[in-house]
Every structure is written in structure tokens, then in C-alpha cells.
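K.L.:
Two chains, two separate frames, one set of hints: put the complex together.
Protein chains in written order, with my numbering: chain L, 1262 to 1415; chain D, 38 to 429.
One or more hints might be untrue.
[To be verified] Lysine-lysine pairs mimicking DSBU-like chemistry, simulated, CA-CA at most 35 Å apart: (1) D:K251 to L:K1304; (2) L:K1304 to D:K81; (3) L:K1304 to D:K265; (4) L:K1412 to L:K1398.
Because the hints were derived from the structure by calculation, they are not lab data.
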Amino acid sequence: MAVKSRIVKGFISLPYNWSMGPTTTRFYEEFKNKRIMGTRCEKCNRVLIPARSFCSGCFVETTNWVQVSDEGTIRTWVLINFSYEGQPMAPPYITGIIDLDGADVGLPHFVGGVELDDLETVAKKVRIGGRVKAVWKENREGHILDIDYFKPIN
Amino acid sequence: MTNRVCIVGIGVVESTENTAEMSHKDLLFYATRRALDDAGLERKDIGGAITATFDFLEGRSLSNQYTLDSIGGVMKPCDLRLGEDGIYSLFAGYMEVMVDPGQVTVVASVQKASERDPNGVGYQKLIAATLEPIFSRPVCSSVPNPGSLESVLAAMDARAYLNRSGLTEQQLAKVAAKNIGNVIQHANVSVPGPEDILKSDLLSWPIRRLTSAKESDAACTLILVSEKKARTLNQDPVFIRGIGWCSGKSFLASREQGTAKETKWAASQAYHMAGIRCPEREIDFAEVSDWYAHRELMHCEALGFCGANSVGSCLDEGLFDRTGALPVNASGGLLGRGNAVGTSGLIRVAQVARRIRSHNNGFKNPRAEIGLAHSWGGIPTATAGVAILGKW
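Isolated chain D, as found in the complex (with noise of 0.2 Å):
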């Protein structure tokens, strides 16, 4: 491939500092702002711009339009995709550099959970408003609790994936200790342990507090563009060498629960174009949706970083954690970071694209050449997508 698509440009706010505070649109001109400061580049070197994003979660229709000041994307060619996660501005961003090598494409998403209401009855609405209203609705509007709806749905998940896999409640644990210590061991304060996570709150069982993750603030803005581009920036590139996204079915009653095959499919399509035969040997380090923490153990199954029984005997050992053979999530993932829903896919992509370069707080891997980003679109949806990155 001669012409291939790099990230020369990283900017990601998140809810350490004080989003709350930030308009939507000031949070995600931020993270333009960085990413275009880390690319050395100006809005008028951008050809052009790219955002996905959700009106409901925003409460504004057409919520893109609204915020394409904030990408630079003024009287500029635009691709606004509308119910779309982060990751699937990436993926048109990529098409866009393919399409022209010369243009510098932006992708941004940006998403403020504390614009719903805190207790996050907001979203559960609208995870309820993702059910078609003839068969499932009913059911699930009976729910007493609004803030539980999510939670059932993944508990019926959960409870598939434990009985196919064998794993156990004190595994699930483990992931969520694993993810939560990754964010919290530099600082000054003690790591919870898996009996920790055992204790906290039980939602819907087996689905718990501290196995779930909680919704978060955050923008995140890439500059791509073609490696003939790149040579002249005065930045080090991460090449993508491989994407990849699928869809499987919406309707509740006939997706098949407990399983990740969208995942599977969308990581076969990019392994094949990134040239991956065996991918638990090639791939270094991973940020994968652990959205709930089961879904952390079948995404990895999923992405075939390990066997299908062997999940369980891979996170005992190890092999996922921050200083084993294949890390996944050392940033923290979604439970130790919090989830930007319909964003968070996006800063999967900029974490493993800013180890790759090894910025990632002074972090260094070293094997840290090939890493995975996915993105799962959540309990209503049955979407993933995934990128691979690499170094020159």
C-alpha cells in the first residue's frame, strides 16, 4: 500500500478537568485545538472534517451541524455522522485520506453525560426508547426502577456468557480491579480489590456497580492523513493498518446474547487488511470496550486473544494485565476511566495511538509497536468496530 493513512494528531479532554463546567461545544474546540496543536497545523490546513455523535444524548437534533465551529469545520467539507460511535468517524476519516492523500482530515466526537441528569435516569429513557415499541417496550417499561433498565439488559447478557463460558462472578471482579488499578496506581490511594468490586452495589445480577462502567464527560479530536502528508509534519505518524466494523442484530429477542460475533467479524475484516494472521502473537497491547466487565472477557474472545475457553485461565494468569504479555485496557478502559458513550470509542483509538508514540504519561512498553482499539456501541446496539495501529 503506497499511500497509507496516519494519526498526526491527538486531542482528548476528559472528566478530570471539570467538564461539567465546559459548554459541549468549548470542550470538543479544545480537543481540536490540541490535536491540531500537536499536528502543527491551523483550520486552514484542514481539507476536511468529520464527526459522529447522538442527538438524544445531547438533546439537540442534528447535533453535529451545532457543534461544526468546533472542529474547524466551517464552510469546509463536511461527513456528520449522525448515531454513530467515535470510532465510525475514524473509519470515514480513513476513506476520506484514501479518496485525496493530500487533504488533512479531522475526526472529532464529543459527548457530556453530565448534561443528563445525574442520576442517569436520562439514559436508561433512552435505552428504552431503543427498543422497538411493539414486542419489547412493553416488557421492559415495566421495569420499576428506570435506572435498572440497562442493567437487566446486560444482566441477560452476562448470565448467557457465564453459563456458555464457565467464568465466575470473582473473574468479573478481577477485570474491574485490573481496569480501576490501572488509572489509580500512580496516584496516592488504595487499589480496590476483586473482594472490593464483590461488595459494591448489585444492579441486576450479576452486574454491579463497580462492574459496570459509569457515564463520563469527554471530547476527542484525530488529524489523519496520508503518509506522503505526514512526511513533511514534524510529528511522529501512527500508521492504520487495518480497520474494520459490523453490525449484528438490534432486535432484543433475536440477538444472540452472551456472544461478541460483531466483534469477531469487524476484527477478521481489519486483521485481514492489516495482514494479522495470529492475532494474540501480533498484537501487543489492546483498549477494548469493557463497557461491563464481561463484555471486557468476550471481546478478548471475541478478538482472538486467546481461546474460546481459555479466557478465564488467560486473566488468571495474567496475560491481560498492565505488565503482561498482551495488556488490555492499561489505561484504565471504560471502568476505570468512565465511558463517554458514543465517544469513548474514539479515545480508544487515541490511548493506543498515544502509546504507540509513547506518550501515554511517560508509560513505556517495549512492545508497544501494534495495538487494537474497539469499540462497542453498547447494550441496545450490537455494533463494534476496530482499528489496528502501528508504528512507521
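Just chain L, same shape as in the assembly (with noise of 0.2 Å):
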């Protein structure tokens, strides 16, 4: 007897409680404060942000705190101009890696005060290598969204 397969519908829901551990709890509790710190490698120097209990390339541990600034140079960064489950806000929106003035590792988030309507506008004002500084939230929390997006200057 030909028969077609029956399909059996499953979903699992599984909340977690994840521990952010000190480091990055203070690393967060400093966003209150509009201040962006690392922890620096005594062993190669290195800034590492958002800061870390330890430097992997080392492996030792890392206790000395340093500010970096709020400016940086852009990576990379993607326009997107379209919709899909679970995104962070109505697009369009640019997202980006900025790298900051003082750290080493770098920092994902939005950039943003600039008109999304032409990507031909918009790759004359963002670019790979320019200039950008954070945009502070009014109502800070404690949280990587403190920053509401880095703005392209100069």
C-alpha cells in the first residue's frame, strides 16, 4: 500500500540562566558611566575587549583594567535592507566591527546617524577604515545597547 509519510510536529523550549562572571559584569556596570574599559595582557600587551578574565594567546590571567576610548575606525560593516526573525530592529540598519582607539579586539555593533535611504550615499559616509564615535543612551543600564549606535565623524 503506497501511503505518504506523516509528519510529526516537535518544539523545544529551554531557557538558561548564563553567568556573565565578574569580569564582564563590570565590564558592563562601566557603560553606566559612559566608559568603555579593557583588561591588558602583561605578557603581550594586548587591550582585550569587552574585557577578559584571561588572555587566550597567553594564557594568563588578566586583572589590569584600562579605559579605550569611544572613537574608532570601522572594519567591516553591511547594510541590511531586509527582514528575518529575531533581528535586532526594523531594517534598514547598518551593522558594523569597530575597532576602537586602544583596544585590540574588536567591537560589533550598529552604526548609524546617517540616511539609509542610497547605498550609493551611504558607502560615501560609511566606509571601511572611517572614522566613528559611540552614541551614548540617555538611560544607561548596564548593557552593550547603553550604546545606541557609532556615528560616522569627520
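P.N.:
Structural data, given as C-alpha cells:
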């Protein structure tokens, strides 16, 4: 007998409570005062952001806290002009990786404060190697989105 | 065998160290740092690294990619064994060192039960999700309290075992009292007796709160090298004399209840490799999965520590006590120390290695030359791993 396979629908919901650990917790606490803090590895001198508790290269604990600039350069960027499930905001918007001055690790964030209607115009203002500065939110809660976006300068 | 594999570094972080406050990356870093310090090695010396973890337990897809930097594995040849207990990283590490005897191999595992919900419901959901969805799940998902699903499945296994062996609930309580007592005997706390164990909450007859291990956090890292390499290091090496692993049927209805055949097969492979013919005489001590009290006895039987009909009398005569002829779970086991699901198997190896080195809190066993570490995958699985460790 030829039969068509029946389908059983499934769904798994699993809540978690991930611990940030004390280092990341302090990193976010400093956001409330508009400070981006990293930790410096005493062996290789790299400044790690978000502040890390150890250097993956030298494999030592990093306890030396340093403030890095809220200005930096764009390493790469993407204009998102389509919708997908679980998106952080309604399109269009720009996501990029920012190399902050004084840090040796990039920070993924939004690039904003530019008109997004035309890609050609956007590409003139937002470019790899271009300078950007953090635009902080008025109410800060100790969260990565306490920075609203990075705005191109110059 | 000219190029035997040995453990030269041991690093363990357990929940006694306020692990709930640490991120799981930190937890694994501390374990690895301790293991490297123990071996007198640095990250630059690492030739390869292997982790064994479970995505769903951690809530991250490809979870061990995420912890690569915590094991010193960035830009190194790494082997990521997902969905396997930590003891499997030891097996993979053993083979890597056999292939390249000059290599320093890191094997590691981490588990943070405290990141799942505190009532254990998350873990029960995971167990439900391991059941095949067409025949088993419709039956098991009707269990009213999700917290009880694990004990329901464990109880079916325990009932079958008690029925076959003639063991009593009192004897299961004795196992739990022994293991819990092994942990707290040095502390200024009264040790619960079997009667106290029998007063603990009944989860699903005969499984009780204190005859099943509580979930816990832990990270464990071991450093493996060849015998030749070990001679250049300033550390007491512990030899891996035999390894074996095996999986039985995972489909609930096909799984034989109340037996531990996979453990028996895994052990016979490890015994053959280690040249052990009579385990009850040749094994000095063992760390055996006591996820549930009945499983310890079932595993002792499958490992050949006693005859099929004599496990109860061996227990009653104190054979498996800390001071007995074949101490089982002198560390306290999972019942005494907590069960870091997916990592505990590697921790058992670390416990055995430490005992052989006699670094275990000053505890010295005059006959601690050959030890056995055993891991069982837990109620949804039928997997087992065995490692036999010894001195030079």
C-alpha cells in the first residue's frame, strides 16, 4: 500500500541563565558611566574588549583594567535592508565591527546617524577605515545597547 | 608497548568554588591553567586540544567552538567532540598521543548546571527531547511534573535491577550513605546513615532525593603526553593502561532494563588492553558512576568486582567502603560531590589519577597502584566508558 509519510511537529523551549562572570559584569557596569573598559594582558600587552578575565594567547589571567576610547575605525560593515526573524531592529540599519582606539579586539555594533535610502550615498559616509564615535543613550542600564550606535565623524 | 600514554597535568574546578558566579569560559580556563601549571607547561607547548560537551546542556550551538580559547586551543589542531561525556575526550586524546608521541594533548570538559533553571526542569526537558518523538515521547510527555521524568525512567531501570538481583531499598540507601559519608567525613558535619537516606523525598519509587545525584557545575582538564615526553617533565606521570567504550541501544523500548551490558563490554576492552584478567583482585580502587545508587551496584557487577549474585553481600561486608578491599567512590562519587553531567566522566579519571599520585587531600591508600574510572552517559543513553590508570 502506497502511503504518504505523516509529519509529527515538535518544539523545544529551553530557558538558560548564563553567568557573565565578574569581569563582564564590571565591563557593563562601567557602561553606565559611558566608559568602555578593557583588560590588558601583561605578557603580550594586548588590550581586550569586552574586558576578558584571561588572555587566550598567553593563557594568563588579565586583571589590569584600562579605559579605551569610544571612538574608533570601521573594520567592516553591512547594510541590512531586509527582514528576518529575531532581528534587533526594523530594517534598514547598519551593523559593523568597530576597532576602538586603544583596544586590540573589535566591537560588533550598529553604525547610525546616516540616511539609509541610497546605498551609494551610504557608502560615501560609511567606509572601511572610516572614523566613528559612540552615541550613548540617555538612560543607561549596563548593557551593550547603552551605546545607541556609532556615528561616522569627519 | 613502548610508547605508553600518561597523564602529567590535572586541573579540576568543582562547585565548592562558587562556580555559579563564574562564566563557563572562565571555569574551563581555570581548570586548564591549573592542569598546565601542574604539568609545568605553557600554552605554547600544547600540540592539540580536545573538548567534549553538549550543546543543549550549555544553551549554545557548537558550544565547544566557544570554549576553544579556554583550553589553549586557538590556532591549534582541535578536536571537538559534541554530545559525548568528557571521558571520550580522554579516549580521543590517547589516540592522538599514540599517533604523535611528541605531542602534548589537552583534554577538557565543562558543565554549568547552575545556568539551567534551578528546579532542574530544564534538564528534564532535555531528557524528554532525547526520547524518539514518534513512540516514546507521547507517553513520557504526559508525566504531570516535568521534574519527575528522569526519576520515572530511572525507577523503571532500578525496579528491574532490584527484581533481578534481590537487592533491597535499604542496600541502595547504604550506597548513598557510604558515598555522602566519604565526602563529609573530614568536615564537622554529622554523616547521614541509611535510615536518613530512606527518609529523603521519594521521587519515583525506589528513586529518592538522596539516592540520585544532584546536578552540579564543574570543569576538568587533563594533560596527556607519551612516556618518552613525560620523562622530560618534572611531574609524576600516571599511565593510562587501558581504555574502552561502548554504546547499547538508545531506543527506550529496546533497552534492556536493570543491566549494564555496555559497561561490561567497555570494561572487557579496557581490561584486555591493560592485561587484567581478574579485576576483583587486580583493581585496587575505582570511581564508578553512581548517578543513582542502584547504578553503582549494577556497574560494580558489570565491571567484574563481584559475582552477579554477590554484589549485595559485598556491599554489606564493606568491600566497597573507603577502608575496604576494593574502595568504590572513595572521592564521594556523584552522590556525594554532585553530578556535572557530561563532565563527570573526565573528573572520575582525574580523581583516580590524583589518588594514584596520592595527592587526594592527603589520603593515602597503601594499595592505590591500579585504579579504574568509569562513566555512564545517564538515563537517556546506554553509553559507558572505562579507563584503567596505573603507576610507572
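K.L.:
Taking the hints in turn, state whether each one holds.
P.N.:
Going through the hints against the structure:
A hinted pair counts as satisfied when its Cα atoms are at most 35 Å apart, and D:K251 with L:K1304 does not qualify at roughly 40 Å. Taken as a hint, the L:K1304 and D:K81 pair is honoured in the structure, with Cα atoms around 13 Å apart against an allowance of 35 Å. Pair hint L:K1304 plus D:K265 holds up; C-alpha atoms about 31 Å apart against a cutoff of 35 Å. Using a Cα cut-off of 35 Å, the hinted pair L:K1412 and L:K1398 holds, with the two alpha carbons roughly 13 Å apart.
In summary, the one numbered hint that this structure violates is 1.
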